[in-house]
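S.K.: Read off the chains here:
There are 2 protein chains.
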Amino acid sequence: MRVEIWSDIACPWCYVGKARFERALAAFPQRDQVEVVHRSFELDPGRAKDDVQPVLTMLAKKYGMSEAQARAGEDNLGAQAAAEGLEYRTRDRDHGNTFDMHRLLHLAKEHGRQDELIQRLYRANFAEERSVFNDDERLVEIAVGAGLDEAEVRGVLADPRAYADEVRADEREAAQLGATGVPFFVLDRKYGVSGAQPAEVFERALTQAWGERSPLTLIEDGGADACGPDGCAVPPRQ
Amino acid sequence: MRVEIWSDIACPWCYVGKARFERALAAFPQRDQVEVVHRSFELDPGRAKDDVQPVLTMLAKKYGMSEAQARAGEDNLGAQAAAEGLEYRTRDRDHGNTFDMHRLLHLAKEHGRQDELIQRLYRANFAEERSVFNDDERLVEIAVGAGLDEAEVRGVLADPRAYADEVRADEREAAQLGATGVPFFVLDRKYGVSGAQPAEVFERALTQAWGERSPLTLIEDGGADACGPDGCAVPPRQ
Numbered sequence: 449m450r451v452e453i454w455s456d457i458a459c460p461w462c463y464v465g466k467a468r469f470e471r472a473l474a475a476f477p478q479r480d481q482v483e484v485v486h487r488s489f490e491l492d493p494g495r496a497k498d499d500v501q502p503v504l505t506m507l508a509k510k511y512g513m514s515e516a517q518a519r520a521g522e523d524n525l526g527a528q529a530a531a532e533g534l535e536y537r538t539r540d541r542d543h544g545n546t547f548d549m550h551r552l553l554h555l556a557k558e559h560g561r562q563d564e565l566i567q568r569l570y571r572a573n574f575a576e577e578r579s580v581f582n583d584d585e586r587l588v589e590i591a592v593g594a595g596l597d598e599a600e601v602r603g604v605l606a607d608p609r610a611y612a613d614e615v616r617a618d619e620r621e622a623a624q625l626g627a628t629g630v631p632f633f634v635l636d637r638k639y640g641v642s643g644a645q646p647a648e649v650f651e652r653a654l655t656q657a658w659g660e661r662s663p664l665t666l667i668e669d670g671g672a673d674a675c676g677p678d679g680c681a682v683p684p685r686q
Numbered sequence: 449m450r451v452e453i454w455s456d457i458a459c460p461w462c463y464v465g466k467a468r469f470e471r472a473l474a475a476f477p478q479r480d481q482v483e484v485v486h487r488s489f490e491l492d493p494g495r496a497k498d499d500v501q502p503v504l505t506m507l508a509k510k511y512g513m514s515e516a517q518a519r520a521g522e523d524n525l526g527a528q529a530a531a532e533g534l535e536y537r538t539r540d541r542d543h544g545n546t547f548d549m550h551r552l553l554h555l556a557k558e559h560g561r562q563d564e565l566i567q568r569l570y571r572a573n574f575a576e577e578r579s580v581f582n583d584d585e586r587l588v589e590i591a592v593g594a595g596l597d598e599a600e601v602r603g604v605l606a607d608p609r610a611y612a613d614e615v616r617a618d619e620r621e622a623a624q625l626g627a628t629g630v631p632f633f634v635l636d637r638k639y640g641v642s643g644a645q646p647a648e649v650f651e652r653a654l655t656q657a658w659g660e661r662s663p664l665t666l667i668e669d670g671g672a673d674a675c676g677p678d679g680c681a682v683p684p685r686q
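Chains A and B supply the protein sequences, listed in that same order. Here the working numbering is used: the first residue of the first sequence is 449, the next is one more, and so on. Here the working numbering is used: the first residue of the second sequence is 449, the next is one more, and so on.
If you're looking for bench data, these hints aren't it; they were derived computationally from the structure. Positions of the beta carbon are idealized from the N, C-alpha and C atoms, including for glycine. Incorrect hints may have been included.
[Said to hold, decoys possible] Covered stretches of chain B, as calculated for chain A (at least 3 residues, CB under 8 Å):
{"id": "1", "segment": "558–567"}
{"id": "2", "segment": "636–649"}
{"id": "3", "segment": "656–668"}
[What the hints assert, rightly or not] The following label-pair restraints were derived from C-beta to C-beta distances:
{"id": "4", "chain 1": "A", "residue 1": "V592", "chain 2": "B", "residue 2": "A475", "range": "26 to 32 Å"}
{"id": "5", "chain 1": "A", "residue 1": "A496", "chain 2": "B", "residue 2": "Q481", "range": "49 to 55 Å"}
{"id": "6", "chain 1": "A", "residue 1": "A617", "chain 2": "B", "residue 2": "A531", "range": "32 to 38 Å"}
{"id": "7", "chain 1": "B", "residue 1": "A623", "chain 2": "A", "residue 2": "K509", "range": "52 to 58 Å"}
{"id": "8", "chain 1": "A", "residue 1": "A617", "chain 2": "B", "residue 2": "Q624", "range": "39 to 45 Å"}
{"id": "9", "chain 1": "A", "residue 1": "V592", "chain 2": "B", "residue 2": "A599", "range": "16 to 22 Å"}
{"id": "10", "chain 1": "B", "residue 1": "V485", "chain 2": "A", "residue 2": "G659", "range": "19 to 25 Å"}
{"id": "11", "chain 1": "B", "residue 1": "Q481", "chain 2": "A", "residue 2": "E564", "range": "22 to 28 Å"}
Hey, can you work out the whole structure from these sequences and the hints?
M.R.: As structure tokens, then:
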């Protein structure tokens with residue numbers, strides 16, 4: 449079974465939701481047969497790379513909140529994160545463009561380091577003091593820490609086209625699948641879970657998707673020469 | 449869309465079938481949105497690693513054929529391979545255990561080199577003179593040629609448990625999906641194609657699976673605290 453998770457590094461509910469999902473997955477009996485893939489999504493794709501703002505200022509402006517309301521929202525997120533054992537700085541975080549991080553996540557995917565990198569990016573953004581935005585050296589440090597090759601990371605950061613199509617393709621696919629927000633979890637392209645739902649909801653989704661894996665419909669040709677001696681002979685399973 | 453291909457290096461129809469599938473994929477308009485994953489299958493899992501036999505001898509014994517019949521089968525395969533532009537030695541190939549090759553393919557998957565490695569293994573087995581069986585140095589050479597790290601490859605070959613569970617899990621899954629032979633192609637866990645069918649059959653399967661991608665069923669919780677300011681807000685798509 450495959451679970452695809454659309455998320456953004458700048459999305460605190462994605463950070464919390466990933467931990468909730470992982471708690472459900474750890475308790476799922478068939479967890480060894482579940483493959484997790486991270487897909488790109490930008491909450492704020494129109495923001496210029498050098499347009500970095502404090503989160504509280506951005507929230508107040510975007511949603512017309514008072515700073516006190518924005519602070520209360522962050523405090524709530526801090527409590528939700530703490531309940532999952534995650535560190536979360538409720539003050540003085542930055543908000544900015546995440547396109548380069550998504551491009552690096554696609555590089556990481558090719559090297560089997562995607563989960564390691566997204567976890568380190570989340571931690572850096574939500575728990576550490578130094579901003580992850582508009583700071584290539586910071587991204588190099590994080591990506592190398594996740595096991596990527598420094599020269600390759602610098603190459604991707606220096607070439608804005610590298611993995612750009614892959615990021616855009618993920619974003620198009622989210623829209624096609626009807627995602628109305630992130631985090632957005634898709635199980636075997638059949639079930640969706642929107643938002644950082646409680647672990648119990650993920651448990652239910654895993655169980656349901658697992659139980660309803662449907663038999664395949666075979667597509668074939670009448671009398672094609674497709675198999676032969678020791679071609680398609682399958683020995684009895686042991 | 450995802451296509452999973454169960455196959456074995458020792459399976460000539462898998463070698464031919466992969467080329468036919470790739471011809472169909474190259475002509476498929478949404479090919480950039482198709483991800484291909486190789487899954488493990490052993491035609492002859494009970495064979496000891498050092499039990500290497502000429503293919504013609506194995507076929508004659510396994511199917512009670514005369515050597516002339518076995519040779520005619522190989523000649524047919526050689527013609528089918530040639531029609532796909534593949535080299536194929538119809539005489540003096542070896543047959544043996546492929547478990548270590550499948551373990552290496554799982555290592556390669558983690559580094560994004562799976563397709564490169566399977567292609568080189570097929571070529572080595574079907575087109576080159578030197579046997580790929582019971583010869584670790586040969587496998588090291590092929591795997592390093594596919595871009596894997598030599599020390600890592602040697603480490604996997606030296607430890608029979610490395611990626612063994614992954615190979616067995618693939619094989620169990622093939623049985624669960626109802627595979628009755630290899631190659632076995634699975635599209636989005638919905639459609640199956642068994643055998644090295646003509647490229648037209650793969651074209652039809654790709655088109656059908658693409659057209660019938662079903663909308664997701666959302667699983668959710670009533671009033672959970674799953675989103676909030678800048679959590680699940682999705683900007684209008686551009």
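S.K.: Decide, hint by hint, whether the structure agrees.
M.R.: Going down the list of hints, with the structure as the test:
Taking a C-beta to C-beta cut-off of 8 Å, the segment 558–567 of chain B contributes 3 residues in contact with chain A, enough for the three needed, and the coverage statement holds. For a cut-off of 8 Å, the count of residues in the segment 636–649 of chain B with a CB near a CB of chain A stands at 13, and the three-residue condition holds. Counting residues of the segment 656–668 of chain B whose beta carbon lies closer than 8 Å to any beta carbon of chain A gives 9, which meets the minimum of three for the stated coverage. Taking 26 to 32 Å as the suggested C-beta distance range, the pair A/V592 and B/A475 does not conform, at roughly 40 Å.
Roughly 29 Å separates the CB atoms of A/A496 and B/Q481, a value that falls outside the hinted 49 to 55 Å. Range check, A/A617 to B/A531: Cβ separation about 33 Å, and the 32 to 38 Å hint holds. The given range of 52 to 58 Å is respected by B/A623 and A/K509, whose C-beta atoms sit roughly 57 Å from each other. With their beta carbons about 30 Å apart, A/A617 and B/Q624 fall outside the hinted range of 39 to 45 Å.
For A/V592 and B/A599, the hinted distance range of 16 to 22 Å is satisfied, since their beta carbons lie about 20 Å from each other. The given range of 19 to 25 Å is respected by B/V485 and A/G659, whose C-beta atoms sit roughly 23 Å from each other. Between B/Q481 and A/E564 the CB atoms are about 26 Å apart, so this pair conforms to the stated range of 22 to 28 Å.
In this structure, the hints that do not hold are numbers 4, 5, 8, in rising order.
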